[in-house]
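> Sequence:
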Amino acid sequence: VILWMRISQGASGFDPPDIALSTAQELLSASSRDSSINRYQDVIGDSTLRAVFKTRLQRDYPHATLNWNKLEVLVTSGANNAFVTAMLSICNQGDEVIVPVPYYFSHRMALQLLGIRMIPAARDCETFQPLADDISAK
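Heads up: the sequence shown runs through residues 252 to 389, numbered per the working numbering.
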């Protein structure tokens with residue numbers, strides 16, 4: 252007996268819910284399809300999707316001290332893209348970033364390419380939370 256498990260990033264261990272499949276089929280049908288969907292879109296993501304995320308954030312975080320009118324939501328094509336975009340937005344070459352271990356190998360590569368020094372920080376084995384003492388010592 253050979254047991255095989257996909258453990259690569261983005262490899263789901265389960266099928267999508269039926270509602271997701273039927274909704275996708277409906278959206279792809281000729282009657283409801285947006286003919287521009289296969290062309291370049293807004294670089295910060297689909298405006299409808301961003302509006303839904305913003306509404307969800309407002310609902311889930313009602314006590315957040317954010318100016319919701321000025322809040323911009325960015326939708327990326329994956330977590331690695333989001334990480335690089337965040338680092339490009341807040342860091343300069345030569346800055347240091349503390350990254351909890353374990354981390355995606357691509358995060359280290361992205362930081363190296365951007366000239367940002369990565370400082371690994373340990374996590375608690377029980378809670379998987381970053382260790383404040385380890386971060387303070389850095």
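Hints may contain errors.
Across the chosen pairs, the derived CB separations fall in these ranges [to be verified]:
id, residue 1, residue 2, range
1, 329, 266, 16 to 22 Å
2, 355, 315, 47 to 53 Å
3, 274, 341, 31 to 37 Å
4, 350, 327, 15 to 21 Å
5, 382, 301, 32 to 38 Å
6, 363, 316, 17 to 23 Å
7, 295, 342, 29 to 35 Å
8, 276, 378, 26 to 32 Å
9, 301, 274, 15 to 21 Å
To be clear, the hints were calculated from the coordinates, so they are not data collected in a lab.
Model, not experiment: these values are computed from the prediction.
Backbone N, C-alpha and C fix where the C-beta goes; we use that ideal spot for every residue, glycine too.
> Each hint should be assessed against the structure and marked as holding or not.
So, going through the hints one by one against the coordinates:
no. : hint                     : verdict
1   : 329 with 266: 16 to 22 Å : holds (20 Å)
2   : 355 with 315: 47 to 53 Å : violated (27 Å)
3   : 274 with 341: 31 to 37 Å : holds (35 Å)
4   : 350 with 327: 15 to 21 Å : holds (18 Å)
5   : 382 with 301: 32 to 38 Å : holds (35 Å)
6   : 363 with 316: 17 to 23 Å : violated (35 Å)
7   : 295 with 342: 29 to 35 Å : violated (19 Å)
8   : 276 with 378: 26 to 32 Å : violated (42 Å)
9   : 301 with 274: 15 to 21 Å : holds (19 Å)
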